[in-house]
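I would like the entire structure built from these sequences, with the hints used as guidance.
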Amino acid sequence: MLLTAIIIVLREVLEIALLTSLLASVGKYIGIRFHHFALALLSGITFAYLYAKNLPTISELFDYTGQEWINSILQITIYVSLACFIILLCSNPHRMNNLKRLMMCLMLMPIVLALTREGSEIYIYIDSFFHGNRPVFPVVVGSIIGSCIGLSIGALIYYALISCPLEKRLTIVKCALAVTACGILSQAVSLLLQADVLHSYPALWNSSEYLAEDSAIGQLLYAILGYEATPAPQQVIVYVVGLLLIISGVVIHKYYGSKRAIDV
Amino acid sequence: MKKYFMVVIALLASSLVAAKTPIIEITIKDHLFYPSELVIPADKKVKLLVINADETAEEFESYELNREKIITGNSKSIIFIGPLPAGRYPFFGEFYPKTAQGVIIAQ
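Those sequence lines, one after another, are chains A and B.
First residue of the first sequence: 40, per the numbering used here; consecutive thereafter.
First residue of the second sequence: 624, per the numbering used here; consecutive thereafter.
Errors might be hidden in some of the hints.
[Said to hold, decoys possible] Residues of chain B clear of chain A, computed beta-carbon distances all greater than 12 Å:
1) Val662
2) Val673
3) Gly725
4) Ile728
5) Gln730
[As the list claims (entries may be wrong)] Computed footprint of chain B on chain A, listed as stretches where at least three residues anywhere in the stretch have a Cβ under 8 Å from a Cβ of chain B:
6) 92-101
7) 237-247
8) 250-257
Bear in mind the hints are in silico, worked out from the structure with no lab data behind them.
Positions of the beta carbon are idealized from the N, C-alpha and C atoms, including for glycine.
Shown next as structure tokens:
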């Protein structure tokens, strides 16, 4: 029970911790302070609680596919926020100053939404033990250990990033956020396939022999890249299209940014 | 290039077409799946009706099927799976993985 709790909570916390550490590492550059992050985390926890409490009702919506609908909308919104954030992060420092409010929203929105989704799962898991006749203590201890490991990994990534020079850090963060965002978009497609909103086709490949999804590396790659051993064709298409959109956005933004600077 | 583009468009467009699918029922009781072995037709989509008869929530999960869904206590839910090539596809309850285990056999 203890080990199961550690694994479940670690998986969920790791996804939020990775995203938060990447975003927080460029927070100072944009002018976002600690209390903004604290507010986003607090909002995320509140929404997670509300979502978990209303999950029985939500699940029954749209012919019992409400959970997939809501989660995929959350995931798509996270992708859009991150994509816009990455593109605008390529602005020059002067323009960045004018975009401060927008950048703050684009940065904190994914944290709030990711925490809403992952946090609600943790709440439901722990809460179910309080209503059952199984021992609660190992679950609580396991959850604390899992959270601490996840948060430690997040802190490690954060401090490793802020020790890098700004230019290098921005490049790493943009690349890491781009693949994370596309992984999240791919997960949204997986949910729409599960709800039969999109028609299912056989998996494009099966790499479970080389890298099992439930292995430690598989889980880590799932959190970073959205790795799946047996992805549906639509997931791969959306991943590639999502990545191309971000790259195109960055190129266009840089082109018009430099053109405007020349015009001025 | 145009040909590939058309294939991608056709794939996404046909994705939006829903069809009638057979329903297969499975129950979670005392953190066990009943039946724990489900036989489904290969290469055909099925609608899995998961009934959670326990008071506590469970998360239906399968890496092989790419499926993951929380089924709250004393409730039911729907999960679409397939079309699957012939083979065995294990699934488990993430909250009680030691007891809640099963397999879908596509044949």
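Quick rundown of the hints versus the structure:
1. Val662: holds (19 Å)
2. Val673: Val673/B not clear of chain A: closest Cβ-Cβ about 9 Å, inside 12 Å.
3. Gly725: holds (16 Å)
4. Ile728: Check passes; 16 Å lies beyond 12 Å.
5. Gln730: At about 15 Å from chain A, Gln730/B clears the 12 Å cut-off, so the statement holds.
6. 92-101: holds (count 4)
7. 237-247: holds (count 7)
8. 250-257: holds (count 3)
Checked against the numbered hints above, the structure violates only hint 2.
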